[in-house]
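*Asks:* Since the structure of chain P is provided, determine the placement of chain X on it from the hints.
Protein sequence lines correspond, in order, to chains P and X.
All residue numbers for the first sequence refer to this note's numbering, where the first residue is 1 and numbers rise by one.
All residue numbers for the second sequence refer to this note's numbering, where the first residue is 265 and numbers rise by one.
No lab work stands behind these hints: they were computed from the structure.
Careful: at least some of the hints might be erroneous.
[Unchecked claim] Computed cross-link-like contacts, EDC-like style, restricted to lysine to aspartate or glutamate with a CA-CA straight-line distance of at most 16 Å:
| # | chain 1 | residue 1 | chain 2 | residue 2 |
| --- | --- | --- | --- | --- |
| 1 | X | K715 | P | D147 |
| 2 | P | K79 | X | D690 |
| 3 | P | K79 | X | E689 |
[Unchecked claim] On the chain P side, residues computed to face chain X include the following (Cβ under 7 Å):
| # | residue |
| --- | --- |
| 4 | A56 |
| 5 | L76 |
| 6 | I96 |
| 7 | L109 |
Just so it is clear, the structure is predicted and the values come from calculations on it, not from any experiment.
Heads up, the beta-carbon is just placed ideally off N, CA and C, and yes, glycines get one too.
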Amino acid sequence: MIYQDSKTLLAVRDLHATVNGIEILKGMDLTVKSGEVHAIMGPNGSGKSTFAKVLAGHPAYEVSGGEVRFEGNNLLELKPEARARAGVFLGFQYPIEIPGVANSQFLRLAYNTVQAGRGKDELDPLEFDDFVREKMKLLEMNPDFLDRSVNEGFSGGEKKRNEILQMALLEPKLAILDETDSGLDIDALRIVAGGVNQLANKDNAIVLVTHYQRLLNYIVPDYVHVMESGRIVKTGGKELALELEARGYDWVGAEAKANARVST
Amino acid sequence: MSTALQNLVNQPYQHGFVTDIESDVAPKGLSEDTIRLISAKKNEPEWLLELRLTAYRHWLTMKEPQWPNVKYPKIDFQAITYYSAPKPKNKLASMDEVDPELLRTFEKLGVPMNERAKLAGVAVDVIFDSVSVATTYKAKLAEVGIIFCSISEAVHEHPELVRKYLGSVVPAGDNYYAALNSAVFTDGSFCFIPKGVKCPMDLSTYFRINTESSGQFERTLIVAEEGASVSYLEGCTAPKFDTNQLHAAVVELVALDNADIKYSTVQNWYAGDENGLGGIYNFVTKRGLCKGVNSRISWTQVETGSAITWKYPSCILRGDNSVGEFYSVALTNHHQQADTGTKMVHLGKNTRSTIVSKGISAGHSNNSYRGLVRIAPTAAGARNYSQCDSMLIGERCGANTFPYIQVSNPSAKVEHEASTSKIGEDQLFYFAQRGVGAEEAVSMIINGFCKDVFQQLPMEFAVEATKLLGLKLEGSVG
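For reference, chain P alone in the conformation it holds in the complex (with noise of 0.2 Å):
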């Protein structure tokens, strides 16, 4: 939701960023204030996975030019745990299997790390027991979650719902969720498209990468961006996203190339 008073949480100007020396992020700009749902739309290889994956640290990919603010501080300069700390979450597209790790204890070691890095109480393993199960109703998420290994052999869609476990139990100013629609069946959608939009409130940001405006019936972005060729090409309302669901993503990007004929 849009709010007047809302302040900026995320100021991207000019982002280029490269993977194996190829650019992908070619001058991307994005401005995300406190209450606000945005979508991020586009072809396949139009830059949106990479994005978000910039934002959050990973090490694959360079920044080769422009700048990142998160709450007026220079993100690029943090390491991704940090980053982490500091309240930008990435949800996975393809979330990580890690064998031999109960989900329990890794789910209380990342919200101990961050509590811990933002002055906050630790909790010990009974305490965090009841807190994540609490949080897991939410879910609607069967308990033996939590003894099994982290990701391993989870369904595409319990994959997914651990991930919004998580930004619950983080609790991250900046969400980004990185095609979190794919994969889920239809009540497997609602299910997790409820649980963001109860984490949703005006003191935080949700960012939604997504292919499809399925989701988007279930959480309604305050602003819908397409990207095309590493930058944001077009902007406009929810009703950009039924409008592309309609005619596809070519006409943006002849309309983009159109407009920058007329100013140049």
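*Replies:* Relative to chain P, chain X alone:
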């Protein structure tokens, strides 16, 4: 590999110091004279000298095994010293007579030689350069009939027991290094748990190599009579030398009807430097015989040291319903090579065995699991379950699994599972994105990987093992 990972797996060796102590050293080289000298120094009975000489003559006809997946230059057996003992080597009446330099050495290593020490509750036989220098809690253990002493002492005090069991599990001609050991072994631990006695404390042997050019040939013999049980621990460290030292020990376990032996090792011999210079060649034969019905032998090992490890703690399951277990973590780094595993030989009916092997390779190291499961025609209803997992850290290390399965009884059930995983950038990034740095992430991943083995270790050993792997325990213990 990230720097945090590098630092974590490259922690400097903590036990690399040399103790300055006067030793009684025999001249280098191996011949019948050397063996006669060792036997004379130890004032041994004639039968033992004969056993040594037979082993030596057999050894001369044998060839060094070539099948392990390890590479090293040919060992010059004439350049090795076969007898080195700290002076004075006359028998000690009490701990107060132990050379203070030795006491300090073991204090530094965290080994409790003082019975009043804080870590009391574990009886220790301390072996320094292949000679037993002290055994704690001997008197207390004797009250319940347990014999726990050096093997040299046992040869004199309990010759009938030693003669009955020595070489009964690993015969003198068993393999190249076992034959060598049988010819030249200098000392080791002897442990005898009489009928029906549950050993009231953990027993342990702590091996320390100190002399640069001396080979290490210990002999351990543990016998549990009917219904007896014992938990045995073994620890090992050595100073840093640029040369390689040969360690060729033999461990024999015998479990009679309903007896239970649990043998745990944390092996931390010097592994050589980051370029592969120096380190111990650990060529060891360990074998347990489940001689009686319902007996059980369980091996747990955490192998982190040695330039080369060549070792297969095995179980011969002769008694009906007997149980053999092997739980292993082998970590190799830099240029270390490990070819380790087990043999489970099922002879009796309804015998069961479990193998859980976890190999972790980092740096340029090479880590192989080699295991044999043999079900004899007599072993009706035998069962085996094997699980062999490998984890790779970085791009230049290797992991191999060589399982050998021979089944000669149609009613047997044998299962084998294997997996290979890798600590990769993506796993570490996932942790980082949840606020957790690389060091803690690796620690948690490795602990998770090894937990099936660590939970088999006695408490203090589990702690030491975890520390050894360069880990910090975070998370819900228990």
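*Asks:* All hints are to be evaluated individually against the structure, with a verdict given for each.
*Replies:* A quick look at each hint next to the structure:
no., hint, in the structure
1, K715/X to D147/P, "holds, 14 Å"
2, K79/P to D690/X, "holds, 15 Å"
3, K79/P to E689/X, "holds, 14 Å"
4, A56, "holds, 5 Å"
5, L76, "violated, 15 Å"
6, I96, "holds, 4 Å"
7, L109, "holds, 6 Å"
When the structure is compared with the earlier hints, a violation turns up for hint 5 alone.
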